[in-house]
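This is what each chain is made of:
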Amino acid sequence: MRFTRLAPLALGAVLAAAPALAQKQQINGAGATFPNPIYSKWFSEYNKLHPDVEINYQSIGSGGGIRQLTNETVFFGASDGPMTNEQLSAAPGKILHLPTVLGGVVPIYNIPGVDVELKFTGKALADIILGRINKWNDPAIAGPNPGVKLPGTDITVVHRSDGSGTTYIFVDYLSKVSPEFRQKVGVATSVNWPAGLGGKGNEGVSGLVKQTPGAIGYVELIYALQNKLDYGTMQSMDGEFVKCSIDTVTAAAGAAAAAMPKDFRVSITNAPGKGVYPISSFTWMLFYETPKDKAKAKVMVEFMKWALTDGQKYAKDLGYAPLPPNVVNLETEALKRIKF
Amino acid sequence: MPKAPSSRRSADDRWFRLGTGLFAFLIFLLVAAIGYELVKNSRLSIAKFGLSFWKTRVWDPVSGDFGALPFIWGTLYSSLLALLISTPIALGIAVFLSELAPRVLRTPLAFLTELLAAIPSIVYGLWGIFVLVPMVRTLQVHTPDWLKKVPLFTGPPIGVGMLSAGLVLAVMVIPFTSSVAREVLKAVPPTQREAAYALGATRWEAIQAAMRYGRTGILGAIILGLGRAIGETLAVTMVIGNNPQVSLSLYAPQYSMAAVIANEFTEAADNLYLNALIEIGLVLFIITLIINVLSRLLIWRVSREVKVKEPRRVPAVEAAA
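Read top to bottom, the protein sequences are chains A and B.
So in the working numbering, spot 192 of the first sequence is number 193, and the numbers just go up one at a time.
So in the working numbering, spot 1 of the second sequence is number 2, and the numbers just go up one at a time.
Chain A on its own, in the form it takes in the complex (with noise of 0.2 Å):
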């Protein structure tokens, strides 16, 4: 009997707590992986700071990310290449760009008896993909390197095999630099190669160019600076040979910061300007203009602040290119486009 009398009490106890509990707010995100360690880092970060803030995120690729924001079933998106037209007129409602950081993509080979780092224009860069190039001592590939003594070895191309953001980032610069390639195989996260071999992830391509003697390929910035993979160095527009960093590809994002779009679904890939690494591009989190939820609305528009800002610094450890400040402060006031 005692226990029925205390039972109305109880439960007035668990409803007095239930606000409590309700502030903490939990928002979900899902999409690319490139950018996976990163936004891992941002939000156990920012977790400590604001205790009350949980954000989880799901690297299911960039295509599943635009898949669940459009279906409404996780709050934010994350995406290595910008949505299509066709994609945006698909979900139910405006849908802003905000680039998060930077990534570059890298050149690796592996040619029996040269040690050193190659220089590749462009256009080589692309025939050797195309399969129009065949031969190491090819003179187009030659010519940049003179005094290096390049074998008659075979060509092997190496690609993801995965579709990947990676790859995008490398296709989108071969079609600027060579009309025949975007004519012949254009600009995806997988495409249909003309030639070659898939391997999975970075490991993947790493480790086939490894054993494979002629091989050449590509990797992210990151996965060759963490298993110190020697890399070519690729010329940019302005014709000079830059070497892929971190600071060569926050300069391509700089230079590319004049003409920036509106909604920020910008290639930054062969910006002109000095000292700009041509294979760069920005990573992005999707985000509704008038979301649904304004209380996580809220909370996330303050979150992308400390990440445009203090989150920053955590880039370089990480091995991503943190942006510019004039790409920040741009950023910065596209925000107040999210309605809360």
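Keep in mind that the hints were calculated from the coordinates and are not lab data.
Note that this is a predicted model, so its numbers are computed, not measured.
Worth double-checking, as some hints may not be accurate.
[Said to hold, decoys possible] Quick look at which bits of chain A chain B covers, simulated, 3 or more residues with Cβ under 8 Å: (1) 65-72; (2) 185-194; (3) 301-312.
Even for Gly, the Cβ is constructed at its ideal location relative to N, Cα and C.
Fit chain B to the known structure of chain A by using the hints.
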């Protein structure tokens, strides 16, 4: 006849039959549901490409042109190759373990073969990349020129490709086939062998008689291996080269159905692209179904042959004796 069961017991029996029957029926439901979902989620691609999906060689996500032929080819080619390599080895292991091995070796060896089946496929894949592929490449480099003109051995020495995939699959399939085949041989009644010996058969002839007796089960063991080879994803994608082409060459990099789904699914943002990938899954489902039906028929034929033939052999044995 045992005495008639009480009404209580017969009711229990009925419930038991109903219950287990329900579980068995769930299997039908599950297969039908998988088929339905696959068709439903690939309708864009089915509507656009129709049956030509099965025979188109192009796979171009950029222009939205999709065909499954290279993947169907790669899956069937690599699985059959694996079957061809693994079957004699696996049967050899099974025969040795059940008929010839000294008693002290029998249990540890059987245990070790079963252990091989428990190794995750990524481990086989890594072993494939780092150990097998370089060996295959050396083999390719040393292929005599006259042999390189044969369509089976054309192409540059890359290492990864159909041969590596077939070999990795064979290694993965061997423990399955050999374990089941060994169990089958163990189940052959000793009287079969004793009868053979009594008729003056050699050891080899007695083993043949045992294998003949258990051939339905041995066939089943081989088909179990085939099923494993067709569905294998990770280890294959790591060594097959992932290049969608239809080539007879063992040295050429190719692709398989399971591998392309695993590789491209996460980044397939476009609807038609996603539908085409799911249709690959549907094709894989249909092909697996066909192979299962065919193997059932084969087993059924073989087992009927055994039943029909055995009584007939008796007079022949008597005549020989």
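* **8 Å C-beta criterion, at least three residues: is the segment 185-194 of chain A covered by chain B** => holds (count 9)
* Would you check chain B against the segment 65-72 of chain A, counting CB to CB pairs closer than 8 Å, and say if three or more residues qualify? => holds (count 3)
* Asked: Given as covered by chain B, does the segment 301-312 of chain A meet the bar of three residues or more with CB within less than 8 Å?
  -> Violated: only 0 residues of the segment 301-312 of chain A have a Cβ under 8 Å from chain B.
Checked against the numbered hints given earlier, this structure breaks only hint 3.
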